[in-house]
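Heads up: the protein sequence lines correspond to chains A and B, in order.
Going by my numbering, the final residue of the first sequence carries number 510, and the count climbs one at a time with no gaps.
Going by my numbering, the final residue of the second sequence carries number 837, and the count climbs one at a time with no gaps.
Just so you know, the hints here were simulated from the structure itself, not pulled from any lab data.
The C-beta atom is built at its ideal place from N, Cα and C for all residues, glycine as well.
Check the hints yourself; a few may be wrong.
[Said to hold, decoys possible] Partial list, computed: chain A residues near chain B (C-beta under 8 Å):
1. 335
2. 351
3. 352
4. 354
5. 355
6. 357
7. 362
8. 366
9. 369
10. 373
11. 374
12. 376
13. 377
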Amino acid sequence: MTPLNPILPIPQPLPQLRMRGVCKAFGATRALNGVCLDVGAGEVHALIGENGAGKSTLMKVLSGAHTPDSGSIELEGQPFAPRNPLHARECGIAMIYQELTLAPHLTVEANIVLGKEPRRFGWLNPRKTRELARAALSELHHESIRPDVAVGALTIAEQQIVEIARALVGSPKILIMDEPTSSLSQVDAENLFAVIARLSQRRVSVVYISHFLEECQRVCQRYTVLRDGETVGTGDLKTVALTEIIQRMVGREVKDIYPRSKRRLGTTVLKLTNIRGLRKPKDVSLALREGEILGIAGLIGTGRTEMLRAVFGLDLLKAGDVVLWSKECSHATPSRRLRQGVGLLSENRKEEGLLLNRSLADNLTLTHFAPVSRWGLVNANRQREQARAWISKLEIKAQSPDQPVGQLSGGNQQKVAIARLLHHEARILLFDEPTRGIDVKSKAQIYKLMFELAAQGRAVVFVSSYLPELLGVCDTLGVMCRGVLSSVKPASEWTEHSIIAAAIGHTDTA
Amino acid sequence: MSEESATSGHRWSRLLNTFGPFLGLLLVIALFSLNAEVRPYFLSGSNFKIILTQTVIVAIGALGMTLIIVSGGIDLSVGSVVALTSVTGAILLMQQLSATQAAFFTILTGGAIGLLNGAVIAGLRMLPFIVTLGMMGIARGVAKWIAKNQTVNAPDNPINRLMELQDPDHLFPLPYGVWIAVGLALATSVLLKQTVFGRYVFAIGSNEATARLCGIRVRLVKVGIYGLAGLFVGASGLMQLSRLTQGDPTVAAGLELDIIAAVVIGGASLNGGTGSILGSMIGAFIMAVLRNGTNQMGWSTYTQEIIIGVVIIIAVGVDKLRQARSV
Numbered sequence: 001m002t003p004l005n006p007i008l009p010i011p012q013p014l015p016q017l018r019m020r021g022v023c024k025a026f027g028a029t030r031a032l033n034g035v036c037l038d039v040g041a042g043e044v045h046a047l048i049g050e051n052g053a054g055k056s057t058l059m060k061v062l063s064g065a066h067t068p069d070s071g072s073i074e075l076e077g078q079p080f081a082p083r084n085p086l087h088a089r090e091c092g093i094a095m096i097y098q099e100l101t102l103a104p105h106l107t108v109e110a111n112i113v114l115g116k117e118p119r120r121f122g123w124l125n126p127r128k129t130r131e132l133a134r135a136a137l138s139e140l141h142h143e144s145i146r147p148d149v150a151v152g153a154l155t156i157a158e159q160q161i162v163e164i165a166r167a168l169v170g171s172p173k174i175l176i177m178d179e180p181t182s183s184l185s186q187v188d189a190e191n192l193f194a195v196i197a198r199l200s201q202r203r204v205s206v207v208y209i210s211h212f213l214e215e216c217q218r219v220c221q222r223y224t225v226l227r228d229g230e231t232v233g234t235g236d237l238k239t240v241a242l243t244e245i246i247q248r249m250v251g252r253e254v255k256d257i258y259p260r261s262k263r264r265l266g267t268t269v270l271k272l273t274n275i276r277g278l279r280k281p282k283d284v285s286l287a288l289r290e291g292e293i294l295g296i297a298g299l300i301g302t303g304r305t306e307m308l309r310a311v312f313g314l315d316l317l318k319a320g321d322v323v324l325w326s327k328e329c330s331h332a333t334p335s336r337r338l339r340q341g342v343g344l345l346s347e348n349r350k351e352e353g354l355l356l357n358r359s360l361a362d363n364l365t366l367t368h369f370a371p372v373s374r375w376g377l378v379n380a381n382r383q384r385e386q387a388r389a390w391i392s393k394l395e396i397k398a399q400s401p402d403q404p405v406g407q408l409s410g411g412n413q414q415k416v417a418i419a420r421l422l423h424h425e426a427r428i429l430l431f432d433e434p435t436r437g438i439d440v441k442s443k444a445q446i447y448k449l450m451f452e453l454a455a456q457g458r459a460v461v462f463v464s465s466y467l468p469e470l471l472g473v474c475d476t477l478g479v480m481c482r483g484v485l486s487s488v489k490p491a492s493e494w495t496e497h498s499i500i501a502a503a504i505g506h507t508d509t510a
Numbered sequence: 511m512s513e514e515s516a517t518s519g520h521r522w523s524r525l526l527n528t529f530g531p532f533l534g535l536l537l538v539i540a541l542f543s544l545n546a547e548v549r550p551y552f553l554s555g556s557n558f559k560i561i562l563t564q565t566v567i568v569a570i571g572a573l574g575m576t577l578i579i580v581s582g583g584i585d586l587s588v589g590s591v592v593a594l595t596s597v598t599g600a601i602l603l604m605q606q607l608s609a610t611q612a613a614f615f616t617i618l619t620g621g622a623i624g625l626l627n628g629a630v631i632a633g634l635r636m637l638p639f640i641v642t643l644g645m646m647g648i649a650r651g652v653a654k655w656i657a658k659n660q661t662v663n664a665p666d667n668p669i670n671r672l673m674e675l676q677d678p679d680h681l682f683p684l685p686y687g688v689w690i691a692v693g694l695a696l697a698t699s700v701l702l703k704q705t706v707f708g709r710y711v712f713a714i715g716s717n718e719a720t721a722r723l724c725g726i727r728v729r730l731v732k733v734g735i736y737g738l739a740g741l742f743v744g745a746s747g748l749m750q751l752s753r754l755t756q757g758d759p760t761v762a763a764g765l766e767l768d769i770i771a772a773v774v775i776g777g778a779s780l781n782g783g784t785g786s787i788l789g790s791m792i793g794a795f796i797m798a799v800l801r802n803g804t805n806q807m808g809w810s811t812y813t814q815e816i817i818i819g820v821v822i823i824i825a826v827g828v829d830k831l832r833q834a835r836s837v
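Same shape as in the complex, but just chain A (with noise of 0.2 Å):
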């Protein structure tokens, strides 16, 4: 690899906004240290950077829903500090969301006026209203779009643009984009190109945050990449290297607390073919043995946790086969997918994992009762006995089994979330995401429970954002990308730089 250029900021003759050094902490999680971006007025600036990274952090400091702890930022020259979203929106800065914002069930043009609605003495004014909606559609070449139908009734595309009409009604100076292409097929994206080309002219500076390198390169013309919390590179997109970048997000070095296990892979226990879902994923095959952790990477909502829904019964499976010890049983509900001894650890703990007002006990024992009741009939004191060992054996800081889940930190949730598969005696675990916001020592506890349950000859298939844990724990690796998974290969085929790669769609890596 070749050593990174030192890091200098390009000097603007003008611009429009200047953030310096700005820090935000969560209690003790530095989501952002020192971040600095310069944006030009009419300039396009793409922001690129890992999932949790600080990027969506930063624009929420931007467009007033977070206060920074330090740092300055500057409007036009002027110094800003947005008090909340509306004040920032009054300043002249539009955030348009990776989910739409729109009220489904208002008209477009309803919608392209909320919360400013042109009024005479507390009556809406239809003409005005008609008037603004037409002007704003109108800039975007957009007067297809008619203003007096439900927004619900548009496509997706359609209600991005009146979602972009929204923020221009305001006459914004900044406008953010949280991936705007996620959900667009290639000629509605097009389309937004030249949407985004054209308020560029009109001197609006656009902050444009995707994950698709070349879709940058095309759409913007400067760059600042961000990791763990930091400003680490900026510049012009047009003469720099993609790889430059990706090296630049990755950037980070391994520390060993991946104590690998010995362990031998056995039969194939569950085998995926042309997996499909509702929606995502879109095709998926695989094969999972006994004492393997098989990982998988990718973006975030690119269907890898819709993947281990719809495998587990949660979510629709629309084609595909599901083989488990070499026996058919594509479509199940969660109740026969737990029997057959299939378990999956949400992504979401708090919304779904657990139920968090119920005590550690009842948390733990909820899929699998048998052990500690007879005839329907729980035996409290059996319960809290099978808790309590748990409760040692992974090590859960806990008051007592009778606690509330809700009170203990999220680490100690996940060991309980975990120990529910565990006491459900689980051959076949898929873990998504099962060390999100959780402390490092609690991490490093979940890697090693993972390597002795591959060594006790269980299969575990893992889903992760974070690669360094992926390419430490796993012994053989996927990336996911758009719904589609690669070829599953050996983890030490793999590196940073090519999983990022094929996450993104840039098959040809330097």
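Dock chain B against the given chain A, drawing on the hints supplied.
Then chain B, alone, in the frame of chain A:
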């Protein structure tokens, strides 16, 4: 340090959770005992016998409602179904069925309607509020239809003994209905707290997504919950029949609101996941004491209604404060 205060807060809120409804009951009883003229009769054994007897119908209905509310649902059809089942019982008695048979089919009618509610809610994934609102109209209509829009006079039969005061001057012996309610409450409490089914009810109310993830057959359990609650409503209808000694298709209008109030006063949350049978029973008792006490004080019915409304809001408000502190 912060962890310590969290535990003591936790313990404190749990204590309140268990004894909160008791405190409320004592407060309400103390309130009516303040008046020296009313006190001697209000606190007498014979009056408490009356209050307990008046509690029975709401209490038995509240057993099923507790299951439903803990699971995150609601049942608005209870009043109408009580009327329908009491009319059914009276008609069956007129058809020369024995009291036992009539009682059996009365309760079963309630169960069948509950099953229907549950099947529609779970099968079509409809909101319980809407489904049971519809059933409220349907059951009331059917009751009036089969009763031909008038009261049905059943011949004298053993069912009438269930709610009879027997010796009105003394607390004991209590009417059979009170003992039946106590027995059912004990059984339901065991069901909710000590069985796997009970854990599933709490799990579904606490977080349905988790319940699904954990392989609980959510829809099947829901049908079971509404079916079981229907059986309780049927039993409640039987007590209604016993109390009036006739089937009246217009009776028990708005009873479901008293029952829901009892469950909520007893500490259950309409968001599901919390609630207890003991709490609901005390809630039902509080409602009856309020009605009886305001009568003894000679207050008009509209005062009664206002007071009961205020008590419900206070009870739930206290609950909210408690939750805010425990989070």
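Verification of the hints:
For residue 335 of chain A, the shortest C-beta to C-beta distance to chain B is roughly 4 Å, which falls under 8 Å, so the interface hint holds. Checking residue 351 of chain A against chain B: minimum C-beta separation of about 6 Å stays under 8 Å; hint holds. The criterion of a C-beta within 8 Å of any C-beta in chain B is met by residue 352 of chain A, whose closest approach is roughly 4 Å, and the hint holds. Taking 8 Å as the C-beta cut-off, the interface hint given for residue 354 of chain A holds, the closest approach to chain B being about 6 Å.
At its closest, the beta carbon of residue 355 of chain A sits 4 Å from a beta carbon of chain B; the interface hint therefore holds under the 8 Å criterion. Because the beta carbon of residue 357 of chain A sits about 6 Å from the nearest beta carbon in chain B, less than 8 Å, this interface hint is met. Because the smallest distance between the Cβ of residue 362 of chain A and any Cβ of chain B comes to about 6 Å, under 8 Å, the interface hint for this residue holds. Interface restraint check for residue 366 of chain A: the shortest CB-CB distance to chain B comes to about 5 Å, inside 8 Å, so the restraint holds.
Annotation: residue 369 of chain A was flagged as interfacial toward chain B, and the flag holds, the nearest CB pair being 5 Å apart, inside 8 Å. The closest approach between the C-beta of residue 373 of chain A and any C-beta of chain B is roughly 5 Å, which is under the 8 Å cut-off, so the hint is satisfied. Contact between residue 374 of chain A and chain B, as hinted, is not supported at the beta carbon level, the nearest pair being about 10 Å apart and thus beyond 8 Å. A least Cβ separation of about 5 Å between residue 376 of chain A and chain B falls short of the 8 Å threshold, and the interface hint therefore holds.
Among the interface hints, the one on residue 377 of chain A holds; its C-beta lies about 6 Å from the nearest C-beta in chain B, closer than the 8 Å criterion.
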